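Visitor: Make the full structure from the sequences, and use the hints.
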Amino acid sequence: MNLLTVNNLTVRTEHQSGPINILDNLNFKLERGKSLGVVGESGCGKSMTAFAIMGLLPDNMTASGEVMFGNNLLNLPEKELCKIRGNRISMVFQEPMSALNPVQPIGFQVAESLILHKNLSRHQAQRQASKVLDRVGLPAKKISRSLYPHQLSGGQRQRVVIAIAMVCEPELIIADEPTTALDVTIQEQILALISELVIEENMTLMLITHDLGVVAENTDQMLVMYAGRIVEKGPTNKVFEHLVHPYTRGLFASIPDTEKSANDLSRHPKNRRLSTIPGRVPEFWERTKGCSFADRCSRAQAKCFSELPDETRISNGHSVACFFPWK
Amino acid sequence: MKQEQNANTLLQIRELVREYILPRQHIFIPPKRFRALDGVSFSLNYGESFGIVGESGCGKSTLARTVLALESPQSGEVCFQGKVLHTMKTKDLRRMRRGMQMVFQDPYGSLDPRHTVSQIVSEPLTLLGEVTLKIQQQQVAESLENVGLSPADADKFPHEFSGGQRQRIAIARALITRPSLIVADEPVSALDVSVQAQVLNLMMDLREQHGLAYLFISHDLSIVRHMTTNVAVMYAGRIVETGPTETVFNHAQHPYTSALLEAVPRPDPSRKRTGRLKKTAATQLFPETEGGCAYASRCPHVEGKCREKSPSLLNLNNSSALESDNNPAEIVHKVACYKPLDSVVTV
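In order, the protein sequence lines correspond to chains A and B. Per this note's numbering, the very first residue in the first sequence carries number 1; after that it's consecutive. Per this note's numbering, the very first residue in the second sequence carries number 1001; after that it's consecutive.
Among the hints, a few may not be true.
Derived DSS-like pairs: lysine-lysine, alpha-carbon spacing no greater than 25 Å straight-line [said to hold, decoys possible]:
#	chain 1	residue 1	chain 2	residue 2
1	A	K141	A	K131
2	B	K1272	A	K29
3	B	K1339	B	K1309
4	A	K118	A	K131
5	A	K238	B	K1272
6	A	K118	A	K79
7	B	K1156	B	K1134
8	A	K238	A	K327
9	A	K289	A	K34
10	B	K1032	A	K142
11	B	K1091	A	K34
12	B	K1339	B	K1305
Treat the hints as calculated values from the structure; they're not laboratory data. Predicted model, so just to flag it, every value in this text is computed and none were measured.
Guide: Spelled out as C-alpha cells, the structure:
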C-alpha cells in the first residue's frame, strides 16, 4: 500500500527572468514500511521536495500537483497541516545545532510535540519523552533530561533531533542529510539507529542525501535528481547494478573507489585520475528547454537540447528520463 | 624517536605538543588544559603527498596551523627545508612561507568578496614585495592558466565563479609563490561530488608538473586513499597508525583505523542493513582519560594495560625496522597499540 504518492509536483517561483520551476513534474510513490533515498547534488531540489511535502515552502514559491498522504496535502489549510507535521510526518534536519532550541532543556524539547499533538500533561509528556530518549541511545542515567543542547556532542544532539521526530510515532520520517555534519563513525551510529527505528517501529523513511554510499546501505528505493527533475528512479539495488542514466553513471564514477586495490596503479599516477563530469550544476535560472544535463553529457545529441525526455521504463519499477540511456 | 635529516626531507616534525587553556571553571581551580597535539612526529619528502585522517576534534587542523607556523607549539619542533620554524625571526619566517602555502576548506569563505581574482591571487607576492607589478600580472596569468582558468578571469570577482572554480582560484593563489609544500585542509569537502573529482585531478596534475608535496588533511578516507602515498591516522591528538597508504588501508592494525574504515558507507546495496540491528548507544568521541590509551573506552580489545599507560608508536615488525635504519626517509608501517589486530586474530 502506498503511504505517500506524489503526482506532477511542480514548485514555481518568480525570478527576474520570469517564472521558474524549482521542481519540475515530480512523480514518485513511497510504500508503507519501506525506505526511499533521494540523491543529487546541492541545488538539485532534494530539500525543496521535502519542504513541498511538509508544506514548508518559502512564501515566494507555489506548489502545484498532488501530494497524496490520505488527503492531498497541498490543498489542506495551514491548521490541518499543523496537525500532521510532527505528528504523522516528521522531519530530521541536517544541522542538529540549529534545529534545537538553545535555551530549552532537551527533555522538554522532546516532550513538546506530545503536549501539542497527544494532549498529554507536561508530566506525562516528560516521562514519555524520557523513554524515547532512552530508545535513541541517551540513557537518563548518563544524559540528564535537563541538559541544554550546547552541553551535548554533535552525535548526541542529532539523537535528540531524531527523538523529537519519532516521539509521536509518525508514519513517515523525512531525514534531510541527517549525517552530513557528523564524523564517519558517528554517522554510522546515527544511520544504524534510524534504520533500526524504521524497522522496529514500522515507520516509513525518506532519506535525502548526497552520499551514494549512504543510499546504498540504507534504502530500498531511490530517486536520482538533477536540476529539479527526477532523472532515474527504481529499487536501489537495480539502480546501482545498471546505472542507466549518464548522470548517475558519471556521479558513480567520480567517487574514488575504496574497494579496489590501487597497488599496481600507484606507480602510474596518470592511471589514478578520477573520471569527471565536465562543467557544473546549472543554477535554477539557467535551466534550458531540453534535458538540463545535456551540456555536460557525453551521449547528448541534438534532440537532447530541444526536447525534454519522458520517463521510460527499463524494468519492473526502474525507470529513467533519458533519450539515450546506457544499456 | 630520532631520525637523521635526509637531503630528501622537506618537512620534519618532532614530538609536537600544542595545548590550549580552557576557560576557567572556578576562580580557585586552575584552568584545564586541552592537548590538541600530543607528541606528533612525522616527516615528509619532496614531491610526496602525505594524508592526515581522523575525526573532527582530533587535532588535524591544529597540526596544519602549527606546520605553517601560524601557531607555536609548547614543545617539539617543525623543521622545514632543514630549518626550525618556531625559533625564526618574523622576517625570516615570512620569507620561509613562500615555500609553503595553504588551501582552505571553504572556497566561499577564504576568498575576499571585494577583491578581484587578480588581487586575491597576487596577494602572497604583494606581501613578499619582491617583484614589480608587471611581473606580478604575468605570474597571475600563468598561475590561473595552471589551474585551468583563463587569464581574462583575473578582473572578475569571486561571486562570478562556482564553488569548483573558486577552489581553483584558491589553488592558484597557493601556487603563485612556487611553493614546495601545499597544506590542503579538507580542500574538496565543500564541493559537489561531480566537481570534487575535477579539483582532485587538478591537484594530482599540479603535483606532477611542479613537484609539489601535499599535506592532505581530510576526513574522507576514500579521497585520502586516492590522493596520498603515505598516511597518518590521528586520534585525540596522537598519531595512532602511520605508514604507506595502501598498507595502512589494506592491513589496518589499530582498532580505531579499522573502525574508521568499516564506518565508511560504500555504494554497494548488498551491504544494506537488514533485520534486527545491534543497539547503538551514544559514545563520547574523545572521552577524558588519565594516562591510558585515549581509545581504550571505545576499543573492543581493551585490556588492563591499555588504561594505565598510553602505547607509543612502534614499528610493526622487526624486518621493516631494519630497513628504516638503512633509509631513514622510508616510511614504515607503525602503530600505537598494545594489541595490533594481527595479534588478536592469531591468538
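Visitor: Against the earlier hints, flag every one the structure doesn't satisfy and list their numbers going up.
Guide: 9 and 11
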